[in-house]
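Given the structure of chain W, go ahead and fit chain H onto it with the hints provided.
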Amino acid sequence: MNTKENLKRYLNQTKYEPAQDLAQNVWNTIVAREKRAIRFKMWTFSLIGATSIAGLIPASKSLAANFASSGFYDYFSVLFSNNGTLTSYWKELSYSIAESLPTTSIIFTFTLIFILFLSIRYVVKQFIKVNYNYNFA
Amino acid sequence: MQDMSDAEIIALYKRGECEAFRFLVEKYTSSIYNFTARRAGTENASDLTQEVFIKAWKKITAFNIAKASFKTWLFTIARNTTYDFLRRKKIPTFTEASNDQETETFIETIPDENILPDEVMQKLQDTENLNKLLDQLPINYKTVLVLHYQEELTFDEIGKVLGKPLNTVKSYHHRAITMLRKIIRE
Chain W
878 MNTKENLKRY LNQTKYEPAQ DLAQNVWNTI VAREKRAIRF KMWTFSLIGA TSIAGLIPAS
938 KSLAANFASS GFYDYFSVLF SNNGTLTSYW KELSYSIAES LPTTSIIFTF TLIFILFLSI
998 RYVVKQFIKV NYNYNFA
Chain H
136 MQDMSDAEII ALYKRGECEA FRFLVEKYTS SIYNFTARRA GTENASDLTQ EVFIKAWKKI
196 TAFNIAKASF KTWLFTIARN TTYDFLRRKK IPTFTEASND QETETFIETI PDENILPDEV
256 MQKLQDTENL NKLLDQLPIN YKTVLVLHYQ EELTFDEIGK VLGKPLNTVK SYHHRAITML
316 RKIIRE
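Chains W and H supply the protein sequences, listed in that same order. Sequential numbering of the first sequence, starting at 878, is according to the working numbering. Sequential numbering of the second sequence, starting at 136, is according to the working numbering.
Okay, chain W solo, but in the shape it has when bound:
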């Protein structure tokens, strides 16, 4: 056996060994931290979701009011009334319908709906993570 191998053998005898439960303790700390981070994210996304629901109520009311005041329903009803008018003035009618759309309200409402679905998705994801992905045993 050469010097290098002997040195390796002797040095391996001097290895410090950790307490038996150290790896388990390290893992428990990691899991606890991860769970804390996940819970924080879950509450944050829940709060965002609740805020978007709360915002959706006035936004949808405003959207309905804007549809009514813009004359969209009137133009839209023409589509189902007189076939002769529709074929003659379809281009003008399309422009009028498009112009009467309350764009800002629509964008705002759909953004809120998008945020709501996104936060629901994240909350479910975090819920699965915290309840099924980690074991302490």
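Derived CB-CB ranges, DEER-like: (1) 320(H) - 910(W): 41 to 51 Å; (2) 263(H) - 924(W): 52 to 62 Å; (3) 314(H) - 901(W): 34 to 44 Å; (4) 194(H) - 934(W): 40 to 50 Å; (5) 287(H) - 987(W): 52 to 62 Å; (6) 902(W) - 314(H): 30 to 40 Å.
Stretches of chain W that chain H covers, calculated by requiring three or more beta carbons in the stretch to come under 8 Å of a beta carbon on chain H: (7) 882 to 891; (8) 902 to 909.
It should be emphasised that the hints constitute simulated quantities derived from the structure, not laboratory data. Because the structure is a prediction, the values reported are computed rather than measured. We put the beta carbon where it would ideally sit given N, CA and C, even for glycine.
Showing chain H alone in chain W's frame:
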């Protein structure tokens, strides 16, 4: 999972299998504990080991297996953690910032095989004595011996851990052996 390589376990973790990281913790706790104990003392080793794994867990999504092995990466974190700890505690780590130019120009002239004569080797057999001897070595020399002989890292990998060129690591190794021999003979 025990038959899987580190790279495979990390890939599994990144795919959402959180328990995969546990295997890495169990696999390397002993090595990291020994490493931190050698550098910062046994009384601080448990806390430092925990800190190392928490740091690794936080950064693992950014870890790129193509750049370095997980083992090398983990020991790099351990080295930085112990270095920060020693600096915080104001324990001098003068050899961490030793003169690299001097060490890089150092040329190994004695082959490793016969570097330690038999009488020295006999004294090294005493574990308690060897522990005391190791503690007398400068931190980087000790680190090279621990990583090379106990953790079986190559000099190239040790260079990555310490952030030093290969020649510097070889030089540290040679000096560590020479210093061990000198201390034993005194």
